Structures are given as structure tokens and as C-alpha cells.
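Visitor: Each chain, letter by letter, is given below.
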Amino acid sequence: MKILTCPINGQRPISEFTYGGEYRPMPDAQTATDAVWADYVFNRNGAPGIKLEWWCHTPSTTWFIAERDTARDVVIRSFLFGEISLQGGAA
Amino acid sequence: MNPLRKSPVHHVLAKQQPDWDLCNDMPTVLLFNHDDKERSSILGIADLSCLWRHGLKGPRSVEWLEAQNIAVPAVNSWSTLVDGGLIARLGQTEFMLEDGLAGNTARRIQNLLADRPDGIYPVLRQDAAFALTGAALQQLLRQTCSFNFMGLDVATRPLVMTTMVGVPITILPQESPDGVRYRLWCDGTYGEYLWCTLLEIAHELGGGAVGLNSISII
Numbered sequence: 001m002k003i004l005t006c007p008i009n010g011q012r013p014i015s016e017f018t019y020g021g022e023y024r025p026m027p028d029a030q031t032a033t034d035a036v037w038a039d040y041v042f043n044r045n046g047a048p049g050i051k052l053e054w055w056c057h058t059p060s061t062t063w064f065i066a067e068r069d070t071a072r073d074v075v076i077r078s079f080l081f082g083e084i085s086l087q088g089g090a091a
Numbered sequence: 001m002n003p004l005r006k007s008p009v010h011h012v013l014a015k016q017q018p019d020w021d022l023c024n025d026m027p028t029v030l031l032f033n034h035d036d037k038e039r040s041s042i043l044g045i046a047d048l049s050c051l052w053r054h055g056l057k058g059p060r061s062v063e064w065l066e067a068q069n070i071a072v073p074a075v076n077s078w079s080t081l082v083d084g085g086l087i088a089r090l091g092q093t094e095f096m097l098e099d100g101l102a103g104n105t106a107r108r109i110q111n112l113l114a115d116r117p118d119g120i121y122p123v124l125r126q127d128a129a130f131a132l133t134g135a136a137l138q139q140l141l142r143q144t145c146s147f148n149f150m151g152l153d154v155a156t157r158p159l160v161m162t163t164m165v166g167v168p169i170t171i172l173p174q175e176s177p178d179g180v181r182y183r184l185w186c187d188g189t190y191g192e193y194l195w196c197t198l199l200e201i202a203h204e205l206g207g208g209a210v211g212l213n214s215i216s217i218i
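Protein chains in written order, with the working numbering: chain A, 1 to 91; chain B, 1 to 218.
Among the hints, erroneous ones may be present.
Pairs of lysine to any residue residues, derived as SDA-like cross-links and limited to a Cα-Cα distance of at most 25 Å, are as follows [claimed, not checked]:
#: 1; chain 1: B; residue 1: LYS6; chain 2: B; residue 2: VAL123
#: 2; chain 1: B; residue 1: LYS15; chain 2: B; residue 2: GLU204
#: 3; chain 1: B; residue 1: LYS57; chain 2: A; residue 2: ILE84
#: 4; chain 1: A; residue 1: LYS2; chain 2: B; residue 2: PHE149
#: 5; chain 1: A; residue 1: LYS2; chain 2: B; residue 2: SER146
#: 6; chain 1: B; residue 1: LYS57; chain 2: A; residue 2: THR61
#: 7; chain 1: B; residue 1: LYS57; chain 2: A; residue 2: LEU80
#: 8; chain 1: A; residue 1: LYS2; chain 2: B; residue 2: VAL123
#: 9; chain 1: B; residue 1: LYS57; chain 2: A; residue 2: LYS2
#: 10; chain 1: B; residue 1: LYS57; chain 2: A; residue 2: PHE79
#: 11; chain 1: A; residue 1: LYS2; chain 2: B; residue 2: ASN148
#: 12; chain 1: B; residue 1: LYS37; chain 2: A; residue 2: GLN30
#: 13; chain 1: B; residue 1: LYS57; chain 2: A; residue 2: PHE17
#: 14; chain 1: A; residue 1: LYS2; chain 2: B; residue 2: GLN143
The set of hints was computed from the structure by calculation and includes no laboratory data. Just so you know, these numbers come straight off a predicted model, no measurement behind them.
Produce the complete structure using the sequences and hints provided.
Guide: Right, here's the structure in full:
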């Protein structure tokens, strides 16, 4: 059984979680060019690697960030969104 | 009898033609038959949906509850209310209060929240609520959840949000005069599915549905 760690509820089977897509810092909608905004809205990076992803612990609706190596499907760590720095990287 | 409030599992219970009474204006099963007490000691499942409950959440919910003289438990734990019933902390700033048969704290909080204080949001709770009792309790939990309940320390009053046969539930162990029992809540629309599935397993283990008379409510 695959186990994922929710920052609030602890280790739980993966069946209790919902994947919410890659975490991508949003550009400033007021100042971004059309090209930058279109890139943010429409394009996704499908290359395997270490990525920050949104996950939700479904029974408690706890949304959090998991840092996952998508090539090996290994979760390196998970933490609440508040720990993301203003620069868009992980704290 | 045509009450406005009905349990999410009302029509399933009604098929067994139990003894009813009104509790918080909701028909509630007091007794299925004279074997209730025995089933309760093996593996009993009781419908507690009639108990009055209300929720709240928001950034100011902790300080607001403390201002109402309600002791706020730690995240993922619960505590008893002074007039019976319980308060469960479902997150950093989210709570559910449930009255016992006699208390009225949850109802009082619901009335106070009608004024919509800043930073606090009332949460309507229309859960199906069950109590699980008996010696075979852990066998049922092992068959239905991917969570190790044996690892919990009941004395710390833990609260777990997990899934049971695929249904998101809130569940907590509770000391009672009859031993440790589990209380659980789920969205009312999943109530019948969860009730029937648990009952099927309970029957295999020698238990079954029990009325309110065979368990004590905290």
C-alpha cells in the first residue's frame, strides 16, 4: 500500500488523497504579458523530475504541497502551503 | 407521525419495525428487539443522527469559542462539553459541536452564529452519526478502514478523519460505561450505504443494529 504523509493528519494510504496538479507560482495578472499569461494558463511541464504538487487529504479536505520525484514516484516531503516562500520556492 | 427531521437511515431502520421515540424532533430507535443488549456487547451499531450538532470555522473561531467559555481541544482531538456532548476540532480553525441527549450547547452556538460574527462561518451539519460498540469492534474496523486504530491512545481523545468502505468519515474512540466505543459521522447522503455495509459485516460477526436504550450517550 502506498503511503502519503498529510502535514495535519499524518501517514495515510494513498486512497485517501486527491492529486491537484503541479504547484506553479502565478504571474502577476496585472503586469504579465499575454505570452507569459498564456504560458501559465495553457502549458504544463510534462518532463519527469522533482516537482512541487498540490495534494488534498480527502476526508479532512486538507490541501498541502508534496515535493515528489515524478521519475521514481517518491515523495520527498510534504508541507502546508504557508511554508512556500513569497518567491515561489519551498521554504 | 410525520416529523420534519428524519435520520439519513430512517427508512432502512423503519423496515425492521423498531420501537421509536422522538428525540430533537427526529424519530429515533430506542429498541429493535429484546436481543439489543446482547448484540451491543458483541458488535452493536446505533443510529445517533438525532443528536443536535452544528459546525463553525474561520480564522477567529478559536477566540470566539473561548469567549463563549468553551474549552478548545487540540487539532484532531475532541473534548466534552460542560453540559454533555462533545466538541471536535477538525482542523486548525474548524469545529463540530454535538449535544448529548440533555445538553444544549450546540444549539446555543447555532443561535449565536446567526449573527455572523466577523471571521467565523457557521457550518450546517446534516451528518449520519453512528455509534459502534462491542468486543468485535476492531474486527469491523480492520475490514473497513486502512487505518490502524489500535495505535491510538484513547486517553488523549484522538479524532481521526479517514475513509471507511470508501466514505470519508470522522471517527473517534470514546470511553463509556460499557467500554471503549467509536462514534462516527459521515455525509448524510452516504449514510444508507455505510449503515448497510457495516450492518452486513456486523451480522457476520454476530452483532447488528441496536437502539438507543442499549447504549449510554455522552
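Visitor: Work down the list of hints and note, for each, if the structure agrees.
Guide: Hints versus structure:
1. B:LYS6 with B:VAL123: holds, 19 Å
2. B:LYS15 with B:GLU204: Judged against 25 Å, a Cα distance of about 20 Å means the pair holds.
3. B:LYS57 with A:ILE84: holds, 24 Å
4. A:LYS2 with B:PHE149: Within the cut-off at roughly 18 Å; holds.
5. A:LYS2 with B:SER146: Distance ~11 Å between A:LYS2 and B:SER146 Cα, so the pair holds.
6. B:LYS57 with A:THR61: Distance of about 13 Å is within 25 Å: holds.
7. B:LYS57 with A:LEU80: Holds, at about 18 Å.
8. A:LYS2 with B:VAL123: Outside the cut-off at roughly 33 Å; violated.
9. B:LYS57 with A:LYS2: Cα-Cα ~31 Å, so violated.
10. B:LYS57 with A:PHE79: holds, 21 Å
11. A:LYS2 with B:ASN148: With a Cα-Cα distance of about 15 Å, the restraint between A:LYS2 and B:ASN148 holds, given a limit of 25 Å.
12. B:LYS37 with A:GLN30: violated, 67 Å
13. B:LYS57 with A:PHE17: holds, 22 Å
14. A:LYS2 with B:GLN143: holds, 18 Å
In this structure, the hints that do not hold are numbers 8, 9, 12, in rising order.
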